[in-house]
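Q: Protein chains in written order, with the numbering used here: chain A, 5 to 488; chain B, 3 to 95.
Calculated directly from the structure, the hints in this document are not laboratory data.
Everything numeric in this text was worked out from a predicted model, so none of it was measured.
The beta-carbon is built from N, C-alpha and C at its ideal position, and this holds for glycine as well.
Where hints are given, some of them may not hold.
[Said to hold, decoys possible] Selected chain B positions facing chain A (in silico; Cβ < 7 angstroms):
(1) L14
(2) I24
(3) K33
(4) I34
(5) L37
(6) N57
(7) K59
(8) G86
(9) Y87
(10) V90
(11) I94
[Stated by the list, open to error] Below are the PhoX-like pairs computed for lysine-lysine, each with C-alpha atoms no more than 25 angstroms apart in a straight line:
(12) B:K64 <-> A:K237
(13) A:K300 <-> B:K33
(14) A:K29 <-> A:K68
(15) A:K337 <-> B:K20
(16) B:K78 <-> A:K86
(17) A:K410 <-> B:K33
(18) B:K59 <-> A:K244
(19) A:K337 <-> B:K64
(20) A:K481 <-> A:K277
(21) B:K33 <-> A:K303
(22) B:K92 <-> A:K337
(23) A:K95 <-> B:K78
(24) B:K92 <-> A:K237
(25) A:K89 <-> B:K64
(26) A:K237 <-> B:K59
(27) A:K414 <-> B:K33
(28) A:K244 <-> B:K64
(29) A:K95 <-> B:K20
[Claimed, not checked] Over the 12 angstroms line for every Cβ pair with chain B, so calculated as not near, a few chain A residues:
(30) K20
(31) S47
(32) I69
(33) A308
(34) V312
(35) D341
(36) S348
(37) L366
(38) R382
(39) I411
(40) F445
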Amino acid sequence: MHNKTVSELKKYLEEKKISSVELTKHFVDRIKAIDPHLNSFISLTEEYAITQAKKIDLEISKGKIRPLAGIPLAQKDIFCTKGLKTTCGSKMLENFISPYNATVVEKLNDAGMVIIGKTNMDEFAMGSSNETSYFGDVKNPWDIEYVPGGSSGGSAASVAARLIPCSTGTDTGGSIRQPASLTGVCGIKPTYGRVSRYGMIAFASSLDQAGIFTRTAEDCAILLTHISGYDPKDSTSSRKDVPDYEKECKQKFTSMTIGIPIEFLDGLDNTVKEVFEESIKVLEKNGCKFKKISLKSSKLGVSAYQVVAPAECSSNLSRFDGVRFGHRADNTKNIDDLYKKSRSEGFGQEVKRRILIGTYALSAGYYDAYYLKAQKIRKVISNEFAEAFKEVDLILGPTAPDCAFKIGEKSNDPIAMYLSDVFTVSTNLAGLPAMSLPMGFKNHLPLGLQIIGNHFDEAKILSLAHHYQKITDWHTKKPKLSGD
Amino acid sequence: MNKETIIKISDLAKIDIKDDQIDDILTSLEKILNLVDEMNSVNTDNVTPMSHPLNLKQELRKDIVGASDERELFQKNNIHTDNGYYIVPKIID
C-alpha cells in the first residue's frame, strides 16, 4: 500500500478497498519500523491520526467523500497544528503546542487528509542538509551516510522512503527543491503568495513559501490545488483564481519552448551535466524545443539571499524572547538577562549566525550597503527572468550542483553549504514558482531536474513534469531500506 | 568587522556570546560578508529596489474586530503567568 501514489490511494479509499484507519495504521507501523534509521519525523501523531481516520471512515460510509478523504500526510514541523507540538526543529519550541492551525493545515484537514506526524527539519528552516535540527540529523534513504538536503529534509526523506505518500514543506531559498533533488522525489515551490503563510513559522517573509512533496507530478498537482488560494489572514496571499492543477497537468501536452540558462551549466559537475543533457534529449524527442538563455546575475543570488534572508530572520525571530512562549532560561537577573539567556540557550549555532549577520546588515549605517543593495540585486535578477519569459515558456536546469553529500562534510563550512542552493535561490528572490523532479543518478544517489516558471505558471510546470514522468521512470525508483 | 562589532551586534540581537567564541564567529561572519560583497560587481545605481516579488502593494482591510480574545489559550504555552499577565524579572527598581 505504501508504494501507491496519492492518486491511487484516493481511488482505493473511495471504492472502499481499504479504510482510512487501516491505511493510517499501515503507515504508522511502517514509520515505527523504518524511521529509527532515518529520523525523518520529530513527532508521530498516532492517536490524533486514528481519531481523524475513524471520522473520515464514518463519513465515507455515509456517502460523504471529501476530495482527499483518508489519505495520510506528514506536516513539516514548521506548520502550526492545533493541539499538537510544533517545534520548528528547535530547542526554542521543544514544548510548544500550537494554539491554532496554519491555513495549509486547515485546508488539508478540510480536504479529509490525516496527519500522521510532523517531519524533521533544519532549525527554523535554516540549513541545506538537515544537520541543524535540534532533534538530530535526518539520513538520506538512498544511503544513510548522506544528508537528505534541507531544510525540509524530513519531509523529503519520508516520502522517498515511502513512509508517507505526501508531505508539506517550505522553501525560502530551495528548502523544498534541494531536498527533493537529493532524495529523488517531486517537490514544488509555488509562486510567492500562491499559498497562505498564516501559521507557518516565519523565517524570511519576503521569500518564504509553502509547498508539497510527493512522488509524482500528478500528486503534486492534486495537493497544490487544495493548499492554494487567497487567505485574508495572510496579506501577501494572492487573490488570483486557483486552477484545477490536476486537470491542467493531465491535458494533452502541447509543445513548449524551454530555456536553458548557460550560467547553470558553467563549471557543472560532469555527471550532473550528462544526466541533465540526457533529460533534454528525451524531452526534445517528445515535443519540446530548447533555447539557450542567459541569466547572468543569477550567480549573485546566493550573495543577495545571504543578506535578505538573515535580515528578515533577525527581525522575525526577535519574537522569541523567553517571555510569552518558547524556551525560558532559569535564574535570570533582569529582563535583558532573560532575553539573552533564553535566546542563547534556545537557538542553535546556525540560527544565531544568521541572526547576527542580519542584525549587522540592518544596523545603523549598513542598511544601504547591504539590504538595499540586495533588494536592488533582486530586481536585476527578477528583470532577467522577466526578459527570459518573453522568449520561453519554462526554464530548465539541474536543481542542485551535485548529488547528496556526506553527513558532516559541509557542516563546518557555511559558504559551501549555502552554495548548494546556487540554482534555487534566485527563483525565491524573484518570487517565481519552481519544481524539482527526479532525472537520474550519480552513482547510487538521485539527481533532480528543476523546472522554473513565470509567476502563477504552476500548471505549465506541472504539465511538463507530468509529461516527463510519462516518458521516463526515474520517479518510480525506490531506495533499499533497513527495516523494510 | 572586528571583535567590538561582534560584541555590539550580539548585544543588539540579544544573544550572549562567550569570549572564546568571538574569534570563530568573527571568521565565519567575515566569510559570509565576503560572499555578500560579490553583489558590488553589479552597478545598481539606477535600479529601483524590489519592494514585493509581484510588485503588489500591501493590502488594507476594514478595521473590524475579528478573532476573539484567546488569552487563556495562548498562555497555556507558558507556566510563568499570573492572572492573565506574564511574569518577568523586575524591570523598575
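Q: Does each hint hold? Answer for all of them.
A: How the hints compare with the structure:
1. This hint holds: L14 of chain B has a C-beta 5 angstroms from the nearest C-beta of chain A, less than the 7 angstroms allowed.
2. Evaluation of the I24 of chain B hint against chain A yields a violated restraint, the C-beta minimum of about 11 angstroms exceeding 7 angstroms.
3. A least Cβ separation of about 5 angstroms between K33 of chain B and chain A falls short of the 7 angstroms threshold, and the interface hint therefore holds.
4. Interface restraint check for I34 of chain B: the shortest CB-CB distance to chain A comes to about 6 angstroms, inside 7 angstroms, so the restraint holds.
5. Proximity of L37 of chain B to chain A holds as hinted, the smallest CB-CB distance being about 6 angstroms (cut-off 7 angstroms).
6. Using the Cβ-Cβ criterion of 7 angstroms, the hint placing N57 of chain B at the interface with chain A is not satisfied: the shortest such distance is roughly 9 angstroms.
7. The closest approach between the C-beta of K59 of chain B and any C-beta of chain A is roughly 10 angstroms, which is over the 7 angstroms cut-off, so the hint fails.
8. Contact between G86 of chain B and chain A, as hinted, is not supported at the beta carbon level, the nearest pair being about 12 angstroms apart and thus beyond 7 angstroms.
9. Given the 7 angstroms rule on beta carbons, the hint for Y87 of chain B is violated: about 11 angstroms separates it from the nearest Cβ of chain A.
10. Restraint check, V90 of chain B versus chain A: the minimum CB separation of about 6 angstroms is within 7 angstroms; hint holds.
11. Checking I94 of chain B against chain A: minimum C-beta separation of about 10 angstroms lies over 7 angstroms; hint violated.
12. Proximity of K64 of chain B to K237 of chain A is assessed by CA-CA distance (about 13 angstroms); at most 25 angstroms being required, the pair is judged to hold.
13. Under the criterion of a C-alpha separation no larger than 25 angstroms, the hint pairing K300 of chain A with K33 of chain B is consistent with the structure, at around 23 angstroms.
14. Under the criterion of a C-alpha separation no larger than 25 angstroms, the hint pairing K29 of chain A with K68 of chain A is consistent with the structure, at around 22 angstroms.
15. A threshold of 25 angstroms between alpha carbons decides the hint, and for K337 of chain A with K20 of chain B the separation of about 18 angstroms falls inside it, so the pair holds.
16. The suggested pairing of K78 of chain B with K86 of chain A holds, with an alpha-carbon distance near 12 angstroms, which does not exceed 25 angstroms.
17. Between K410 of chain A and K33 of chain B the alpha-carbon distance is near 22 angstroms, which keeps this suggested pair within the 25 angstroms criterion.
18. For a cut-off of 25 angstroms, the pair hint linking K59 of chain B to K244 of chain A stands: about 15 angstroms separates their Cα positions.
19. Annotation: proposed proximity of K337 of chain A to K64 of chain B is violated, straight-line Cα distance about 43 angstroms (limit 25 angstroms).
20. Note on K481 of chain A and K277 of chain A: the hinted pairing holds, with a Cα-Cα distance of about 20 angstroms set against a maximum of 25 angstroms.
21. A C-alpha spacing of about 17 angstroms is found between K33 of chain B and K303 of chain A, which places the hinted pair at or below 25 angstroms, so the restraint holds.
22. Restraint check: the Cα-Cα separation between K92 of chain B and K337 of chain A comes to about 9 angstroms, which is no more than 25 angstroms; the hinted pair holds.
23. In summary, the hint linking K95 of chain A to K78 of chain B is supported, as the alpha carbons are separated by about 18 angstroms, within the 25 angstroms threshold.
24. For the given pair, K92 of chain B sits about 36 angstroms from K237 of chain A by alpha-carbon distance, which is inconsistent with the 25 angstroms threshold.
25. Of the supplied pair hints, the one linking K89 of chain A and K64 of chain B is violated, its CA atoms being roughly 33 angstroms apart against a limit of 25 angstroms.
26. Annotation: proposed proximity of K237 of chain A to K59 of chain B holds, straight-line Cα distance about 16 angstroms (limit 25 angstroms).
27. Only pairs whose Cα atoms come within 25 angstroms are accepted, and K414 of chain A paired with K33 of chain B is accepted, the gap being roughly 15 angstroms.
28. Taken as a hint, the K244 of chain A and K64 of chain B pair is honoured in the structure, with Cα atoms around 20 angstroms apart against an allowance of 25 angstroms.
29. At most 25 angstroms may separate the alpha-carbon atoms for a hinted pair to count; K95 of chain A and K20 of chain B meet this at roughly 20 angstroms.
30. Every Cβ of chain B is farther than 12 angstroms from the Cβ of K20 of chain A; the closest lies at roughly 38 angstroms, confirming the non-interface assignment.
31. For S47 of chain A, the shortest C-beta to C-beta distance to chain B comes to about 16 angstroms, beyond the 12 angstroms cut-off, and the non-interface label holds.
32. Under the 12 angstroms C-beta cut-off, the non-interface status given to I69 of chain A relative to chain B holds; the minimum distance is some 31 angstroms.
33. A cut-off of 12 angstroms between C-beta atoms contradicts the statement that A308 of chain A is not in contact with chain B; the least separation is 6 angstroms.
34. Residue-level check failed: V312 of chain A sits 9 angstroms from the nearest beta carbon of chain B, not beyond 12 angstroms.
35. Not every CB of chain B lies more than 12 angstroms from the CB of D341 of chain A, the least distance being 7 angstroms, so the non-interface label is violated.
36. Residue-level check failed: S348 of chain A sits 4 angstroms from the nearest beta carbon of chain B, not beyond 12 angstroms.
37. Listed as outside the interface, L366 of chain A is inconsistent with that label: its C-beta sits roughly 9 angstroms from the nearest C-beta of chain B, within the 12 angstroms cut-off.
38. Not every Cβ of chain B is farther than 12 angstroms from the Cβ of R382 of chain A; the closest lies at roughly 4 angstroms, contradicting the non-interface assignment.
39. At roughly 20 angstroms, the least C-beta separation between I411 of chain A and chain B is larger than 12 angstroms, which holds for a residue marked as non-interface.
40. Its beta-carbon lying about 30 angstroms from the closest one in chain B, F445 of chain A satisfies the requirement of being farther than 12 angstroms from that chain.
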